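> Sequence:
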Amino acid sequence: EKQIAVLIIVLLTAGLASLCTAYYLFVVASRMSTGSTSELVQPPNLQANLDIPPPRLNNPVRPGHQSYDATDRYLAYLPHSGFHNQRIALENALTLARILNRTLLLPPVRLGEPLSYAPFDDLYQMFADSGKEDLQHCVQQPLHGPRRAPECEEYYSYTEISWNWLVDLSGLGQAQRLLEGWDFTDAWLEDRLGISADDIYYLKDSARNEYSFQDFFTFDAPARKFQQSVQIATLVHRPERLIQLGTLFGSSRLHLRSSINYDLRKQVREHMVFTNPHLVRAADSIRDALGGAYFGVHLRIGDGIFEWNAPENVRLAWWKLLHSVLGLPHEEILDLERELFPDEEDLTPPTLKTDVPAMRTPHPPLPPFPPEASSAPGYKCRKTPHPSAKLAALNAPVFVSTDAPSPASNLLLARFTHTFPCTFFLGDFPTQVTSLRDLKSPVDGVPLGSFMMPFLDAMVVGQAWQVVGTEQSTFSAFVTDVLWRRYHGYEIVQRG
1 EKQIAVLIIV
11 LLTAGLASLC
21 TAYYLFVVAS
31 RMSTGSTSEL
41 VQPPNLQANL
51 DIPPPRLNNP
61 VRPGHQSYDA
71 TDRYLAYLPH
81 SGFHNQRIAL
91 ENALTLARIL
101 NRTLLLPPVR
111 LGEPLSYAPF
121 DDLYQMFADS
131 GKEDLQHCVQ
141 QPLHGPRRAP
151 ECEEYYSYTE
161 ISWNWLVDLS
171 GLGQAQRLLE
181 GWDFTDAWLE
191 DRLGISADDI
201 YYLKDSARNE
211 YSFQDFFTFD
221 APARKFQQSV
231 QIATLVHRPE
241 RLIQLGTLFG
251 SSRLHLRSSI
261 NYDLRKQVRE
271 HMVFTNPHLV
281 RAADSIRDAL
291 GGAYFGVHLR
301 IGDGIFEWNA
311 PENVRLAWWK
321 LLHSVLGLPH
331 EEILDLEREL
341 FPDEEDLTPP
351 TLKTDVPAMR
361 TPHPPLPPFP
371 PEASSAPGYK
381 CRKTPHPSAK
391 LAALNAPVFV
401 STDAPSPASN
411 LLLARFTHTF
421 PCTFFLGDFP
431 TQVTSLRDLK
441 SPVDGVPLGS
451 FMMPFLDAMV
461 VGQAWQVVGT
471 EQSTFSAFVT
481 DVLWRRYHGY
491 EIVQRG
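Heads up: the sequence shown is residues 1 to 496, going by the numbering used here.
It is worth saying that the hints were derived from the structure and are not from the lab.
Check the hints yourself; a few may be wrong.
Computed cross-link-like contacts, DMTMM-like style, restricted to lysine to aspartate or glutamate with a CA-CA straight-line distance of at most 25 angstroms [claimed, not checked]:
no., residue 1, residue 2
1, 320, 346
2, 380, 346
3, 353, 403
4, 440, 428
5, 390, 337
6, 132, 151
7, 380, 471
8, 132, 191
9, 383, 335
10, 390, 332
11, 320, 355
12, 132, 122
13, 132, 186
14, 380, 403
15, 383, 372
16, 204, 72
17, 204, 215
18, 204, 121
19, 225, 215
20, 390, 303
Across the chosen pairs, the derived CB separations fall in these ranges [what the hints assert, rightly or not]:
no., residue 1, residue 2, range
21, 342, 371, 28 to 34 angstroms
22, 151, 377, 48 to 54 angstroms
23, 260, 362, 18 to 24 angstroms
Given the structure is predicted, the values throughout are model-derived calculations rather than measurements.
Note that CB positions come from ideal geometry on N, CA and C, so glycine has one too.
Work out the full structure: start from the sequences and follow the hints.
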């Protein structure tokens with residue numbers, strides 16, 4: 001009798017799983033028939049003429065106009081934190097909107113002082129209160145000094161620009177409807193799109209890692225670090241015109257097993273390469289000044305946990321450059337380290353972790369690095385090149401991209417300038433960045449120059465012959481996984 005009972009339970013469980021799987025497949029098939037999984041769009045040609053402004057996003061809603069179709073359905077989310085957290089959230093939002101066949105309400109990029117994560121209701125209100133509509137007079141006031149009005153103190157600490165000003169979303173827009181202009185208020189939704197509060201499905205998070213989204217059915221507990229898993233299939237046929245989500249930050253927030261959806265996310269990530277013509281011209285000019293062939297290092301050591309771990313991360317990047325890029329054996333690197341830095345005690349080789357996601361996406365062998373590589377005339381090395389033939393490879397140009405203030409005099413970064421005489425930083429190219437300092441946000445008139453420097457830094461290091469990054473940094477991962485691979489024509493690395 002016990003065996004019969006167990007058999008009945010097993011059969012019931014299997015039957016339920018089969019019904020759920022059949023439902024999911026039915027949902028996906030129905031979306032395919034309505035175009036939610038239309039033919040994948042090829043990535044844009046990176047060599048295109050970037051002097052031509054990219055086309056505007058399709059169907060923008062302009063102030064004062066009621067331009068909407070009562071049958072249109074939308075997806076919205078709340079971005080937060082620094083640029084790369086916003087970028088990852090946008091990648092997830094674009095992927096979800098395409099799977100759900102909904103128009104994405106595209107938020108602007110916030111640069112400068114970020115809005116940190118908060119539970120849904122708090123973050124929603126923070127966005128609604130962060131506009132500068134009543135502060136336009138601040139543009140006419142001095143940047144600093146006693147004559148500056150109190151309400152203008154933080155005016156220049158942040159700004160907003162369109163995503164399409166920074167990257168090219170036009171290719172995605174051919175298959176994924178995008179809509180700019182939302183100011184994160186219910187009034188805008190009602191006035192511009194005719195969406196009332198009872199026609200919005202809210203999925204409000206109370207913690208950063210509360211919800212993940214997956215495209216498959218399982219009885220298992222949520223995987224990874226999230227508290228709950230939302231079946232994407234349950235969102236497909238939501239009747240509400242707007243699905244409003246909270247945070248979408250996290251490379252692993254979307255758990256995708258469908259090859260179509262996985263490839264879709266890959267396409268989205270490929271479109272995150274910076275294509276602004278001002279940045280492209282400046283980056284190409286610096287690349288040429290470096291001689292075209294150089295090694296790259298992306299070091300985040302200026303704030304938070306990265307500042308705390310800076311000594312270890314700098315040494316680890318130095319080791320990776322010498323071992324993983326230049327191919328020196330551990331014994332030679334250790335001897336060199338002891339010779340160049342005799343005051344450092346108890347030197348032992350660090351653990352160089354295997355990058356499993358990168359290994360899953362191998363790229364063709366790189367062409368040989370030119371042994372005669374050098375910077376262009378007029379761009380001298382910091383120190384005298386090594387005279388020894390044994391150390392000749394260390395005389396190659398090295399570009400260090402970093403958020404450290406005054407990197408040329410930073411004691412930690414001296415590890416690179418002592419080892420590589422021809423080490424360069426962004427500050428060594430003042431002529432090439434001049435044009436960026438004149439840029440201003442069309443939204444609020446705030447100068448964009450200082451906000452553009454990290455992007456330019458990343459673009460230059462991404463064009464290096466080979467590049468190493470900082471452990472646990474989403475910015476470094478973007479440089480090595482996306483920028484470097486796209487610039488060299490290789491398949492990007494997907495994490496999460």
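> Each hint needs a verdict: does it hold in this structure or not?
Going through the hints against the structure:
1. Between residue 320 and residue 346 the CA atoms are separated by roughly 19 angstroms; this keeps the pair inside 25 angstroms, and the hint holds.
2. Distance restraint check for residue 380 and residue 346: the Cα-Cα separation of roughly 35 angstroms exceeds the 25 angstroms cut-off, and the hinted pair is therefore not satisfied.
3. Restraint check for residue 353 and residue 403: satisfied, since their Cα atoms lie roughly 24 angstroms apart, inside the 25 angstroms limit.
4. Distance restraint check for residue 440 and residue 428: the Cα-Cα separation of roughly 23 angstroms lies within the 25 angstroms cut-off, and the hinted pair is therefore satisfied.
5. Restraint check for residue 390 and residue 337: the C-alpha separation of about 15 angstroms stays at or below 25 angstroms, so the hint holds.
6. As the CA atoms of residue 132 and residue 151 are separated by approximately 10 angstroms, the hinted pair is consistent with the 25 angstroms bound.
7. For the hint linking residue 380 to residue 471, the alpha-carbon distance of about 31 angstroms lies beyond 25 angstroms, and the restraint is violated.
8. Under the criterion of a C-alpha separation no larger than 25 angstroms, the hint pairing residue 132 with residue 191 is consistent with the structure, at around 20 angstroms.
9. A hinted pair counts as satisfied when its Cα atoms are at most 25 angstroms apart, and residue 383 with residue 335 qualifies at roughly 21 angstroms.
10. As the CA atoms of residue 390 and residue 332 are separated by approximately 11 angstroms, the hinted pair is consistent with the 25 angstroms bound.
11. Simply put, residue 320 and residue 355 have alpha-carbon atoms about 12 angstroms apart, close enough for the 25 angstroms limit, and the pair holds.
12. Note on residue 132 and residue 122: the hinted pairing holds, with a Cα-Cα distance of about 19 angstroms set against a maximum of 25 angstroms.
13. Between the alpha carbons of residue 132 and residue 186 the distance comes to roughly 18 angstroms, so the proposed pair stays at or under 25 angstroms and holds.
14. Restraint check for residue 380 and residue 403: satisfied, since their Cα atoms lie roughly 23 angstroms apart, inside the 25 angstroms limit.
15. About 17 angstroms separates the Cα atoms of residue 383 and residue 372, which keeps this hinted pair within 25 angstroms; it holds.
16. A threshold of 25 angstroms between alpha carbons decides the hint, and for residue 204 with residue 72 the separation of about 22 angstroms falls inside it, so the pair holds.
17. Between the alpha carbons of residue 204 and residue 215 the distance comes to roughly 20 angstroms, so the proposed pair stays at or under 25 angstroms and holds.
18. For the proposed pair residue 204 and residue 121, the alpha carbon gap of about 8 angstroms is at most 25 angstroms, so the pair holds.
19. Taken as a hint, the residue 225 and residue 215 pair is honoured in the structure, with Cα atoms around 17 angstroms apart against an allowance of 25 angstroms.
20. A threshold of 25 angstroms between alpha carbons decides the hint, and for residue 390 with residue 303 the separation of about 37 angstroms lies outside it, so the pair is violated.
21. Take residue 342 and residue 371: their Cβ atoms lie about 29 angstroms apart, and the range 28 to 34 angstroms holds.
22. Under the hint 48 to 54 angstroms, the C-beta atoms of residue 151 and residue 377, about 51 angstroms apart, fit the expected range.
23. Between residue 260 and residue 362 the CB atoms are about 23 angstroms apart, so this pair conforms to the stated range of 18 to 24 angstroms.
The structure fails to meet hints 2, 7 and 20 from the earlier list, while all remaining hints are met.
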